[in-house]
Amino acid sequence: MLTYRTHGPNAKEGDFIKDRSPQQRSMGFVKEINLLTNMMKVRFPKIGRETWVVWENHGHYVVVKTT
Numbered sequence: 000m001l002t003y004r005t006h007g008p009n010a011k012e013g014d015f016i017k018d019r020s021p022q023q024r025s026m027g028f029v030k031e032i033n034l035l036t037n038m039m040k041v042r043f044p045k046i047g048r049e050t051w052v053v054w055e056n057h058g059h060y061v062v063v064k065t066t
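The opening residue of the sequence shown carries number 0 in numbering that gives the first Met the number 0; numbering runs sequentially from there.
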């Protein structure tokens, strides 16, 4: 039994997301999704970094533009 729920749509490869986590990483581009680890690789151009973010949306990001 799941004890949590998602707060929005999950991102797909090629989507733009807005980070709402305490790290405040701004707008990012989803490059890759790994369903085995429930993580997605996101490129944040403003900070010049790629990082892994939890894929299942618990309110820590908002899908801005879908492909």
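These are calculated hints, taken from the structure and not from any lab test. The reader is advised that the hints may include incorrect statements.
Claimed, not checked - Computed cross-link-like contacts, DSSO-like style, restricted to lysine-lysine with a CA-CA straight-line distance of at most 27 Å:
hint, residue 1, residue 2
1, K64, K30
2, K45, K64
3, K30, K45
4, K64, K40
5, K11, K64
6, K45, K11
Are K64 and K30 close enough, with their CA atoms no more than 27 Å apart?
holds, 14 Å
Regarding the pair K45 and K11, is the alpha-carbon distance no greater than 27 Å?
holds, 21 Å
Given the hinted pair K11 and K64, is their alpha-carbon gap at most 27 Å?
Holds. K11 to K64 sits at ~10 Å (cutoff 27 Å).
Sort out whether K64 lies within 27 Å of K45, counting only the CA atoms.
holds, 17 Å
Pairwise hint evaluation, K45 against K30, where the allowed Cα distance is 27 Å at most
holds, 16 Å
Hint check: K64 vs K40, CA-CA at most 27 Å. Holds or violated?
holds, 17 Å
When the structure is compared with the earlier hints, no violation turns up for any of them.
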